[in-house]
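Trainee: Produce the complete structure using the sequences and hints provided.
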Amino acid sequence: MKERKPKNFFVQGPIAASFIAESIQDHSSRTGIGAHSIFLGQVRADRIDDKEVESIEYTAYEEMALDKMHAIREDMFAKYDLACMHVYHSLGNVRTGEISLFVFTSAAHRRAAIDACQEIVERVKSELPVWGKELFGDQSFQWKANQ
Amino acid sequence: MKERKPKNFFVQGPIAASFIAESIQDHSSRTGIGAHSIFLGQVRADRIDDKEVESIEYTAYEEMALDKMHAIREDMFAKYDLACMHVYHSLGNVRTGEISLFVFTSAAHRRAAIDACQEIVERVKSELPVWGKELFGDQSFQWKANQ
Amino acid sequence: MSIHIILFGRLADIAGSSVSLDNVADTDGLVRALHSTYPALAESKYVIAVNKQVITSNTSLDENSVVALLPPYSGG
Amino acid sequence: MSIHIILFGRLADIAGSSVSLDNVADTDGLVRALHSTYPALAESKYVIAVNKQVITSNTSLDENSVVALLPPYSGG
Numbered sequence: 001m002k003e004r005k006p007k008n009f010f011v012q013g014p015i016a017a018s019f020i021a022e023s024i025q026d027h028s029s030r031t032g033i034g035a036h037s038i039f040l041g042q043v044r045a046d047r048i049d050d051k052e053v054e055s056i057e058y059t060a061y062e063e064m065a066l067d068k069m070h071a072i073r074e075d076m077f078a079k080y081d082l083a084c085m086h087v088y089h090s091l092g093n094v095r096t097g098e099i100s101l102f103v104f105t106s107a108a109h110r111r112a113a114i115d116a117c118q119e120i121v122e123r124v125k126s127e128l129p130v131w132g133k134e135l136f137g138d139q140s141f142q143w144k145a146n147q
Numbered sequence: 001m002k003e004r005k006p007k008n009f010f011v012q013g014p015i016a017a018s019f020i021a022e023s024i025q026d027h028s029s030r031t032g033i034g035a036h037s038i039f040l041g042q043v044r045a046d047r048i049d050d051k052e053v054e055s056i057e058y059t060a061y062e063e064m065a066l067d068k069m070h071a072i073r074e075d076m077f078a079k080y081d082l083a084c085m086h087v088y089h090s091l092g093n094v095r096t097g098e099i100s101l102f103v104f105t106s107a108a109h110r111r112a113a114i115d116a117c118q119e120i121v122e123r124v125k126s127e128l129p130v131w132g133k134e135l136f137g138d139q140s141f142q143w144k145a146n147q
Numbered sequence: 001m002s003i004h005i006i007l008f009g010r011l012a013d014i015a016g017s018s019v020s021l022d023n024v025a026d027t028d029g030l031v032r033a034l035h036s037t038y039p040a041l042a043e044s045k046y047v048i049a050v051n052k053q054v055i056t057s058n059t060s061l062d063e064n065s066v067v068a069l070l071p072p073y074s075g076g
Numbered sequence: 001m002s003i004h005i006i007l008f009g010r011l012a013d014i015a016g017s018s019v020s021l022d023n024v025a026d027t028d029g030l031v032r033a034l035h036s037t038y039p040a041l042a043e044s045k046y047v048i049a050v051n052k053q054v055i056t057s058n059t060s061l062d063e064n065s066v067v068a069l070l071p072p073y074s075g076g
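Protein chains in written order, with my numbering: chain A, 1 to 147; chain B, 1 to 147; chain C, 1 to 76; chain D, 1 to 76.
Hints were generated in silico from the structure; no laboratory data involved. Among these hints, one or two may not hold up.
Derived DMTMM-like pairs (lysine to aspartate or glutamate); straight-line CA-CA distance at most 20 Å [claimed, not checked]: (1) C:K52 x B:E54; (2) A:K133 x D:D13; (3) B:K133 x B:D115; (4) C:K52 x B:D75; (5) D:K52 x A:D75; (6) C:K52 x B:D46; (7) D:K52 x A:D67; (8) A:K125 x B:D115.
Remember, it's a predicted structure, so these values are computed and weren't measured experimentally.
Mentor: Quick look at the structure:
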């Protein structure tokens, strides 16, 4: 029996702007595409009391996250007329100002690309077993809480 | 009297993926930003009867478009808690698979960035005096109609 | 008094990208004169901008008016 | 029968990233045993996944069960 093999979407460390550019460039041969929608999550230097977040250390229950992402992908292609969909999430340390989440949807028309992108972002935040540990400059930390 | 000078957002020819990457990279020092939303319009190789679009030639009433964009920008900053907003639109020839529209919004939180980006795209399409002439391989053309 | 008119998109295919008209005092008069010279314009969908503002009713013109004929937008 | 439990995020700060428990037949029994050994877990918010599926009621376990304790997600 062939086992389904979900694609690994985790990236060690931050997601580089050059990687995003390459992903966009890779779609120039897909001439049925008319619209791309991209969401990027950037690590914010939140202040808590007198301390500022310097980086977030991401961990995940990877096997479960891959299954979840596979389900999200299947739902999105069933619900929207998408040409493609890509999601990348950082693991390990990502400093403030760096990118930790990259969601990229493409479709013939803008409505599908925009709606799917937005829905994926919400599902990534609420359904993926990923945790961010906000590290302050003084070696202290707090566990991130999503809104 | 000082005249308001709206920023030129027109770009000659296609918008390069490397330019998009630079725009993203430029925001890494803005550590109050937590979310970026990006929309890209890509020229689609639509088939009309037995002919295929090879490129779109964009023209604009530039002075009026700059005024309109200035008004859109002011509305967006009044309505949403945005950190920044950038829009670029091509003029001249853009081939299929190339990017002709780049809308980029950034905010502390995802809701503002996503909602503003989406609203800007709709307003760009409905309010900017820009016209696309779809060129086929045989020198014939048709004027593009937005949905 | 001469009024300068600029045309865009498919309208420029019909009448060229700029036209000058004499003896028009307002936009209604301008439209009548244009449609009489370029009948295909009468069958085209467009709005009129005077000094970069789209107008929705008859508007008087002077020699400094910038009049533009704008077919449906198709940017993006 | 020994059950292997993996813990994530702030729960791993409390009990380490993995724990083995003997003599538990189901998730209710597992929770009682864990809370007795690690009282701070009882005050933490989490869900339980068995074989990568979040469970919402008591679930029987066998030695092949993979049990994970998951605090509120905070990816993105």
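Trainee: Given the hinted pair C:K52 and B:E54, is their Cα-Cα distance within 20 Å?
Mentor: Status violated; Cα separation ~32 Å.
Trainee: Is the Cα-Cα distance between A:K133 and D:D13 20 Å or less?
Mentor: Cα-Cα ~11 Å, so holds.
Trainee: For the pair we were handed, C:K52 and B:D46, check the Cα-Cα distance against 20 Å.
Mentor: Outside the cut-off at roughly 32 Å; violated.
Trainee: Regarding the pair B:K133 and B:D115, is the alpha-carbon distance no greater than 20 Å?
Mentor: violated, 30 Å
Trainee: Going straight from one Cα to the other, do C:K52 and B:D75 come out at no more than 20 Å?
Mentor: holds, 19 Å
Trainee: Does A:K125 pair with B:D115 here, judged by a C-alpha cut-off of 20 Å?
Mentor: Distance of about 17 Å is within 20 Å: holds.
Trainee: What's the verdict on D:K52 and A:D67, does the C-alpha distance respect the 20 Å limit or exceed it?
Mentor: holds, 8 Å
Trainee: Decide if the proposed pair is consistent with the structure: D:K52 and A:D75, CA atoms, cutoff 20 Å inclusive.
Mentor: Answer holds: D:K52 to A:D75 is near 18 Å, not above 20 Å.
Of the numbered hints listed earlier, those contradicted by the structure are 1, 3, 6.
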